[in-house]
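The whole structure should be built from the sequences, with the hints applied where relevant.
Protein chains in written order, with this note's numbering: chain A, 1 to 180; chain B, 1 to 180; chain C, 1 to 180; chain D, 1 to 180.
Simulated from the structure, these hints should not be mistaken for laboratory data.
Mixed in with the good hints there might be a few duds.
Pairs involving identical chains hold if they fit within one copy or between any two copies, as the list cannot separate such chains.
Unchecked claim - Under the rule of at most 25 Å between Cα atoms (straight-line distance), these lysine to aspartate or glutamate pairs were calculated in the DMTMM-like manner:
1) K68 - D56
2) K157 - E98
3) K3 - E36
4) K157 - D56
5) K3 - D163
Source: prediction; values computed, not measured.
4 protein chains.
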Amino acid sequence: MVKIVGIGGSLRPNSYSQIALSLAAARVEALGAEMEILDLRAMQLPFCNGEDEYLDYPDVEQLRNTVKLADGLILATPEYHGSVSGVLKNALDLMDFEQLDGKVTGLISVLGGQSKSNALNDLRVIMRWVHAWVIPEQIAVGQAWKAFSDGKILDEKLSQRFDQFAQSLVENTRKLRGVS
Amino acid sequence: MVKIVGIGGSLRPNSYSQIALSLAAARVEALGAEMEILDLRAMQLPFCNGEDEYLDYPDVEQLRNTVKLADGLILATPEYHGSVSGVLKNALDLMDFEQLDGKVTGLISVLGGQSKSNALNDLRVIMRWVHAWVIPEQIAVGQAWKAFSDGKILDEKLSQRFDQFAQSLVENTRKLRGVS
Amino acid sequence: MVKIVGIGGSLRPNSYSQIALSLAAARVEALGAEMEILDLRAMQLPFCNGEDEYLDYPDVEQLRNTVKLADGLILATPEYHGSVSGVLKNALDLMDFEQLDGKVTGLISVLGGQSKSNALNDLRVIMRWVHAWVIPEQIAVGQAWKAFSDGKILDEKLSQRFDQFAQSLVENTRKLRGVS
Amino acid sequence: MVKIVGIGGSLRPNSYSQIALSLAAARVEALGAEMEILDLRAMQLPFCNGEDEYLDYPDVEQLRNTVKLADGLILATPEYHGSVSGVLKNALDLMDFEQLDGKVTGLISVLGGQSKSNALNDLRVIMRWVHAWVIPEQIAVGQAWKAFSDGKILDEKLSQRFDQFAQSLVENTRKLRGVS
Chain A
1 MVKIVGIGGS LRPNSYSQIA LSLAAARVEA LGAEMEILDL RAMQLPFCNG EDEYLDYPDV
61 EQLRNTVKLA DGLILATPEY HGSVSGVLKN ALDLMDFEQL DGKVTGLISV LGGQSKSNAL
121 NDLRVIMRWV HAWVIPEQIA VGQAWKAFSD GKILDEKLSQ RFDQFAQSLV ENTRKLRGVS
Chain B
1 MVKIVGIGGS LRPNSYSQIA LSLAAARVEA LGAEMEILDL RAMQLPFCNG EDEYLDYPDV
61 EQLRNTVKLA DGLILATPEY HGSVSGVLKN ALDLMDFEQL DGKVTGLISV LGGQSKSNAL
121 NDLRVIMRWV HAWVIPEQIA VGQAWKAFSD GKILDEKLSQ RFDQFAQSLV ENTRKLRGVS
Chain C
1 MVKIVGIGGS LRPNSYSQIA LSLAAARVEA LGAEMEILDL RAMQLPFCNG EDEYLDYPDV
61 EQLRNTVKLA DGLILATPEY HGSVSGVLKN ALDLMDFEQL DGKVTGLISV LGGQSKSNAL
121 NDLRVIMRWV HAWVIPEQIA VGQAWKAFSD GKILDEKLSQ RFDQFAQSLV ENTRKLRGVS
Chain D
1 MVKIVGIGGS LRPNSYSQIA LSLAAARVEA LGAEMEILDL RAMQLPFCNG EDEYLDYPDV
61 EQLRNTVKLA DGLILATPEY HGSVSGVLKN ALDLMDFEQL DGKVTGLISV LGGQSKSNAL
121 NDLRVIMRWV HAWVIPEQIA VGQAWKAFSD GKILDEKLSQ RFDQFAQSLV ENTRKLRGVS
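Here it is as structure tokens:
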């Protein structure tokens, strides 16, 4: 069965990108995929220092093993200073081709202001660099503070965008990875 | 007197980007500027969680105050996965317009493989986002493991590039900031 | 006297990016700069074939000479397919360091949909490549069909953004180029 | 049968990007795909003016119809000023979702200097914008003047990269488009 792993790039307790990630994850599961979220807020990860081993941080191994076994990924980041959060980039820096190569990835960004694509563009090039696929469907949630209520998406068009995102991610991961 | 602050994006003990930063810094000082390097390896910084205050981490205030008082910046990053290191991006995430707006910035990246501009391009757009200036001169050090010896630059053309980089940074920071 | 040259990247008769360019140009002139607009709609330019000479197209020389004598540039592009128009990129391809190196550039993009920064980001990196400066202030006009009326800017905040853009371009071109 | 269309972004008679395109095309054909190259040097295309119809230029229809019927694309561009050539961007501007949506695309760039990814990065984001897929394998041919001889690739590793590029493009176009 196709397996998707989600990682959110915000450490804020009530993070909108974590909400967006969970909403996408629910849709992915409804399509029959196995879905697992790695919550960086509950993990102890070090700053990447370019080394391979982080013996004091067993969560590095958990991150690596979980992503390695995935067919697809959802990366959801707050847009900080017009790019991916340092938190999420650091988590990606802790991994390498062994974990990321060939993974089919869907990208979500969340902003306080008007929706932009800067963080999504940077993430697209970063994931290409590690030889991952990135689906054309992507979501930039602008003015995130009024996008969600009670864990639901208020705008119907945005909700449909989440539907299409999950549909494309699951369907095309199955095609590209040859899993059911 | 014009003041330049340098930040290196690698935590590796013998980091090439830290070497590149110190070589650029020496040239900047030789041109009569005040130069200070913030060594992230010696600072205790948290992951940015989107909040303003980090009371348990006094180094956040040191980072912010030092950058705030600067006229110009040198950002030197290892290129991880075709972009800026998460470590450096996180340090930038801990700051905001108050510290970064209007600063004149020079960018350096360091790679194990052939020189590319991906990290430099991303940093250029990130620094624009916080309303900083970025000088046209930039340095991508490829195959960094054979670029330096005893803290010196082996290739004459690369050495000249460092000269021009420092010259442009100091001269144009003076012009744009109206300092001597 | 500081001289600014503007180039618009749309060939449409009632182009919004040409309107935006003329509005920025009027502000630049009001600040005491000499301003000249090169209207690509009235020029006969060939597709760039990588050669230096285009003897059948005297407008290539006019483009090159006019830009060469400028201190600063305004580039205004419609955002086509999430990037700079081919028309504007081709005009830039017809020039080289001799014309573009060291010029201080302000960037404007115009979109039918919501304001994005993709074309601006690409232009920023392109202009850096030819060693031009790009000012931090940039303008992305979203939903351009309702932004202007009778050649005026309807939204007060957008109008102020044009003011600041022109102010920064003229002031900083003077500083960087040492002209009055 | 899977159909791939190639477009080269240079108008130079002995263009290296056209050579690179033909070498990739030969490999694609050898894998059993139908391959057609649209040579912009032999077509009369106008500058895009944002309109839908170009009645004086029947080659616009040929371009649109040929790409519309394709499953996959190869885009090969010279890197001009650190980005895609205006010629190729203009050809893309003449098309829209109707032709480009869902197409599986492989990207090649050709440079005089050291291999960079700027043009490839920009093209990746542009093709995403029109909802196309872009394969992770991409080729940047640096110092193109010494890369080819008699229409062959001199460097064995670069030749293998072309093999992998064609292999991935054909195989994954089949998977994503459900064609044989």
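May I ask which of the numbered hints given earlier this structure violates, with the numbers listed in increasing order? Hint 4 contradicted; others consistent.
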